[in-house]
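Novice: The hints should help you fit chain G onto chain B, whose structure is shown.
Protein chains in written order, with the numbering used here: chain B, 1 to 62; chain G, 1 to 253.
Source of the hints: derived by calculation from the structure; they are not laboratory data. Warning: the hint list may mix true and false statements.
Unchecked claim - Now the in silico label distances, taken between C-beta atoms and shown as ranges: (1) G:THR196 / B:THR26: 33 to 43 Å; (2) G:ASP151 / B:THR26: 27 to 37 Å; (3) B:ALA7 / G:PHE137: 25 to 35 Å; (4) G:ILE134 / B:ALA18: 22 to 32 Å; (5) G:ALA235 / B:SER8: 49 to 59 Å; (6) G:ASP150 / B:ARG45: 18 to 28 Å; (7) G:LEU183 / B:ALA18: 24 to 34 Å; (8) B:ALA18 / G:ALA245: 43 to 53 Å; (9) G:ALA239 / B:MET1: 51 to 61 Å; (10) B:LEU3 / G:ASP151: 50 to 60 Å; (11) B:SER8 / G:LEU49: 15 to 25 Å.
Bear in mind the structure is a predicted one, so any value in this text is a computation, not a measurement. Note that the Cβ used here is the ideal one computed from N, Cα and C, for glycine as well.
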Amino acid sequence: MDLGPNASFIWTAYGMVAFVIAGLITWLVLDGREQQRRLADFEARGVKRRAGPKAATASSEN
Amino acid sequence: MQTFTQRLANPTQFMGLSARLLPWVAGLAAAIIAYGLYLAFFVAPPDYLQGEIARIMFVHVPSAWIAMAGYALIAVSAFGLLVFRHPLADVAAKAAAPIGAAFTFLALFTGSLWGKPAWGTYWVWDARLTSVLILFFLYLGLIALRSSIDDETLASKLTAILALVGIVMLPIIKFSVDWGNTLHQPSSVLKLSGPTIHSSILTPLLVMGAGFLVLFVAMHLKAMRNEILRRRVKALQLAEVARAASQVVAPAE
Numbered sequence: 001m002d003l004g005p006n007a008s009f010i011w012t013a014y015g016m017v018a019f020v021i022a023g024l025i026t027w028l029v030l031d032g033r034e035q036q037r038r039l040a041d042f043e044a045r046g047v048k049r050r051a052g053p054k055a056a057t058a059s060s061e062n
Numbered sequence: 001m002q003t004f005t006q007r008l009a010n011p012t013q014f015m016g017l018s019a020r021l022l023p024w025v026a027g028l029a030a031a032i033i034a035y036g037l038y039l040a041f042f043v044a045p046p047d048y049l050q051g052e053i054a055r056i057m058f059v060h061v062p063s064a065w066i067a068m069a070g071y072a073l074i075a076v077s078a079f080g081l082l083v084f085r086h087p088l089a090d091v092a093a094k095a096a097a098p099i100g101a102a103f104t105f106l107a108l109f110t111g112s113l114w115g116k117p118a119w120g121t122y123w124v125w126d127a128r129l130t131s132v133l134i135l136f137f138l139y140l141g142l143i144a145l146r147s148s149i150d151d152e153t154l155a156s157k158l159t160a161i162l163a164l165v166g167i168v169m170l171p172i173i174k175f176s177v178d179w180g181n182t183l184h185q186p187s188s189v190l191k192l193s194g195p196t197i198h199s200s201i202l203t204p205l206l207v208m209g210a211g212f213l214v215l216f217v218a219m220h221l222k223a224m225r226n227e228i229l230r231r232r233v234k235a236l237q238l239a240e241v242a243r244a245a246s247q248v249v250a251p252a253e
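With the rest of the complex left out, here is chain B (with noise of 0.2 Å):
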């Protein structure tokens, strides 16, 4: 594919494109799995953010 004298101003430009959508789309899916781990993480150490039906009950018999 012969693109001319500024063939250097296409392929620089497409390549910023996919590098800058590749950065985002690798940012995204490392940064869903670091949240991923930390609330595997916190439900592992039993941690909720709210008490749900059994633990009110506990308590209530404690």
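Specialist: Relative to the frame of chain B, chain G by itself:
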């Protein structure tokens, strides 16, 4: 019976729906952009005046469209937060800011590369280029303002107000090419009288625009999901701190 938007207002239901939608939306975006690139490089002819360099248009113009659409989404979300207190409005606004900023950067960068061979310069301080640069700074301002305030509720309200004030930039950008002297070409697609581009170039441009739009939707869905998870993590951190504090206090009592 709940309406569709009422169901979406529930973060848990949004997470379920977005998890099912996301792979399809992302796949659709990849397919449309791949087809758009094929049209851009193998079907669209060189521009009769600018030659091959006009192929930058197929990424420059869609990036600029998404830059403006992303900001419009933030402004609508800001309105939804301040007026209707929609639970996901702030999540949507926060998630869209970095993506919109990235596309605004791409519009500026690719436009600059197109400008050098077409105009003889990478940059001129005319109304169109300057107003898009201000939009980029506005995006950065929204991100910086939110990051600088620890109180999530206060941060969301202040950024929403700034977002609503900043919406004045959208008509300024749109009509900037009609005001005064500018090197930038006037609108040639979004015109009341219809597009003035030949269909052999317009079709690839619209396909790439659709691809970028669907890609933005996919990335925004993912960013919203991440933000909801981040808020759940923060709530759990606070719950853990509260539990620890109560255990410290209890023996003393």
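Novice: Now tell me, hint by hint, if it's right for this structure.
Specialist: Hint-by-hint comparison with the structure:
1. G:THR196 / B:THR26: 33 to 43 Å: The hinted range 33 to 43 Å holds for THR196 (chain G) and THR26 (chain B), with Cβ atoms some 39 Å apart.
2. G:ASP151 / B:THR26: 27 to 37 Å: About 30 Å separates the Cβ atoms of ASP151 (chain G) and THR26 (chain B), which means 27 to 37 Å holds.
3. B:ALA7 / G:PHE137: 25 to 35 Å: Between ALA7 (chain B) and PHE137 (chain G), where Cβ atoms are some 32 Å apart, the hint holds.
4. G:ILE134 / B:ALA18: 22 to 32 Å: Since ILE134 (chain G) and ALA18 (chain B) have Cβ atoms about 27 Å apart, the given range 22 to 32 Å holds.
5. G:ALA235 / B:SER8: 49 to 59 Å: holds, 50 Å
6. G:ASP150 / B:ARG45: 18 to 28 Å: Cβ of ASP150 (chain G) to Cβ of ARG45 (chain B): about 24 Å, so the range 18 to 28 Å holds.
7. G:LEU183 / B:ALA18: 24 to 34 Å: holds, 27 Å
8. B:ALA18 / G:ALA245: 43 to 53 Å: Holds, since ALA18 (chain B) and ALA245 (chain G) (Cβ atoms, about 49 Å apart) stay within the stated range.
9. G:ALA239 / B:MET1: 51 to 61 Å: Hint holds: Cβ distance 58 Å, inside 51 to 61 Å.
10. B:LEU3 / G:ASP151: 50 to 60 Å: holds, 52 Å
11. B:SER8 / G:LEU49: 15 to 25 Å: Holds - the Cβ-Cβ distance for SER8 (chain B) and LEU49 (chain G), about 20 Å, lies within 15 to 25 Å.
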